[in-house]
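From first to last, the protein sequence lines are chains A and B.
Per the numbering used here, the first sequence runs over residues 1 to 358.
Per the numbering used here, the second sequence runs over residues 1001 to 1319.
Don't read these hints as lab results, they were simulated from the structure.
Be aware that one or more of the hints could be misleading.
Under 10 angstroms between C-beta atoms, here's a sample of chain B residues computed to sit facing chain A [unchecked claim]:
#1 Glu-1200
#2 Val-1208
#3 Pro-1223
#4 Leu-1224
Just so it is clear, CB atoms sit at the ideal spot from N, CA and C, and this is done for glycine as well.
Chain residues, written in single-letter form:
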Amino acid sequence: MRVVLEHLTKKFGDVAAVNELDLEMRAGEFVALLGPSGCGKTTTLLMIAGIYRPTSGAIIFGDQRVDHLHPKDRGIGMVFQSYALYPHMTVAENIGFPLELRSSVSKAERDKRVREAAALVQVAELLDRRPAQLSGGQQQRVALARALVKRPDILLLDEPLSNLDARLRHEMRGEIKRLQKEVGITSIFVTHDQLEALTMADRVAVMRDGRLQAYATPAELYAKPANRFVAGFIGSPPMNFLDAELAARNGSVVAKIDNLEIPLAHPPATTADTRAATLGVRPEHLAILPPGQGDANAEVYVVEPMGREQIVDVQVGPRRLRAIAPPGFAARIGERVGLRFAPEQIHLFDPSSGDRIA
Amino acid sequence: MARIEEIALPRERQATAWWRFNATALLFLGPAMALVLVFFIAPVVITFVMSFTDLATSTGLSNWQWIGPENYQRMFRSQFWLTILGNTFVYVAVVLAFNVIVGLGIALLSVHVEAKAGGLFRSLWLLPRISPSVVYALMWTWAAASPPFGMINYVVEPFGVEPRYWIQSDPWLIVILINGFVGASFGMLIFTSAIKAIPEDLFRAAQVDGASALHVIRRITLPLIKWPILFVLVYQTMSLFASYEYIYLTTNGGPGLYATETWSLWAFHTALSNYYGNLDFAYGAAMAAILVLMGLGISVVMLRLFRFGQLVAEPRVEV
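Construct the complete structure from the given sequences, taking the supplied hints into account.
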């Protein structure tokens, strides 16, 4: 089922937690609401769930406006950050609780569906346990089963992985993504972790201070971030930013940073003589070369080997940039190197508005 | 690694080792143990011992004698002991039900409304608890005063209720209301904090799962505050058995002979405040001793019934 948010606003007192949010999710899509804490992503989710009432704006499921409906009448399943399993009920009772409240579902039918849902998330052998007797990952699965057992139209997940340890998080990331595609249910999940959003979602809505910053596929967000905030938030290690000035040189455009001149493959469309810009380049698009080669001379500040790659911080004049080098790269602190900016991979942002200009 | 008990020591050193090992514990527990001994154990022992004497104002404090179980025989020969026992159980059971049900009701209602309004509502219910007992009881005697006075008469008369002197005509109603209105706030406080300690997400999850407000209360709230409910039940039963001050200040056990006299009030009247002027300390002590035994018996039964051991061992709400 398709979900549309129109000018959705939620104010707490004078503070707008969510401000004029417009978002459309296609049927069967897996959408992430991504942003730092306090950006309004959980407030948005709770409005979609019907737990918070919007101050203004509309929430539409399919063709029906639902923002006046009680949570139970919206056809949603939800997994909470804390899992919110009922501690006094067994796993089977927890999963069966949403069905227990529906008189149309018989006891036999309920048992059958509880077992199906439990099998789907692989907790069939835990049905008699209490939540306190389960590991975090198992609780997570039970919460998923409880959300799915009533066959909702929309699945909402609030920070589903943040209470799991790193290994389990990786495992559940894949499982939730696969489950979502298997069930084919429109799903919205909230996360502050850009890696989770990129790996799991079909499309990611990046939010900041209650406003939508970007809404695109993970690949688009990464390759063409809409503004400086998105560019800095997505990607690890984060993008390098440099204050630059654009200038014409022999029929093409270069970015001038002090006495460096970096050629641009995709200069901005506007052709003012000189223009200030923020230049952004991801660490993997900075190549470390022998001294004297490339666009700039640099000095190795620190090297962090990560196994598959190494993160190398280099000092260029007064600035420090982060680059990624292959595992074989050997350099000592203080060593001189050359640095090359991949011209195809340079992002330019307006220094005042932060919007992408090229 | 060997545990402390397994380390063999020469016999003469074992005693000093025991002291050294336990001295700190005794030092810290000592003051509390002394207080318990002086204020809890000693009065019970003195009461039991005294109940086998004829100590009264008529015998004087020095001329008393041991009279064996005569006080007990006298008590159960009294034509009123069954009435008083019955009164006691009615009083405890009805006031307990009032306290727990009303306390739970206020707690549930006041946490489901707007926070400030709920807080104000709860503060109102605390007023009887924070006013001095005598003032509170006096206000009730005025409210229940005989016609043409009495606030209760003014309030209920428009509904077609004949004005009356409530303390005379319906003494039990007054006894239950005066104790109930002050007692409900105890459960209210405990239940409110217990409900507020339940993680908000559980209520949200239940809403999403399709539960109505009543479902949430029955299937989520009540099971999760089971332990505070049982605590209030047991605690209030014990306090009600021993309490008599509001009855004393309103009906004083009347009207007539022992109509609203409870066991603790009977003991108080006999030993410390009787009409004849002969304060029968020993006889009252025998009554109090029976009260202690009743209290002990009921607490054992309740703790068994509610499987207290399991209850405290059960894991609490975890997130």
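Verification of the hints:
1. For the restraint placing Glu-1200 of chain B at the interface with chain A, the shortest Cβ-Cβ distance is roughly 9 angstroms, inside the 10 angstroms limit, so the hint holds.
2. With its C-beta approaching chain A no nearer than about 5 angstroms, Val-1208 of chain B sits inside the 10 angstroms limit, and its interface hint holds.
3. The beta carbon of Pro-1223 of chain B is positioned within 10 angstroms of a beta carbon in chain A (closest approach about 4 angstroms), and the interface hint is therefore held.
4. For Leu-1224 of chain B, the interface hint holds, since its Cβ comes within 10 angstroms of a Cβ in chain A; the closest pair sits about 6 angstroms apart.
Going down the numbered hints, you'll see the structure goes against none, and every one checks out.
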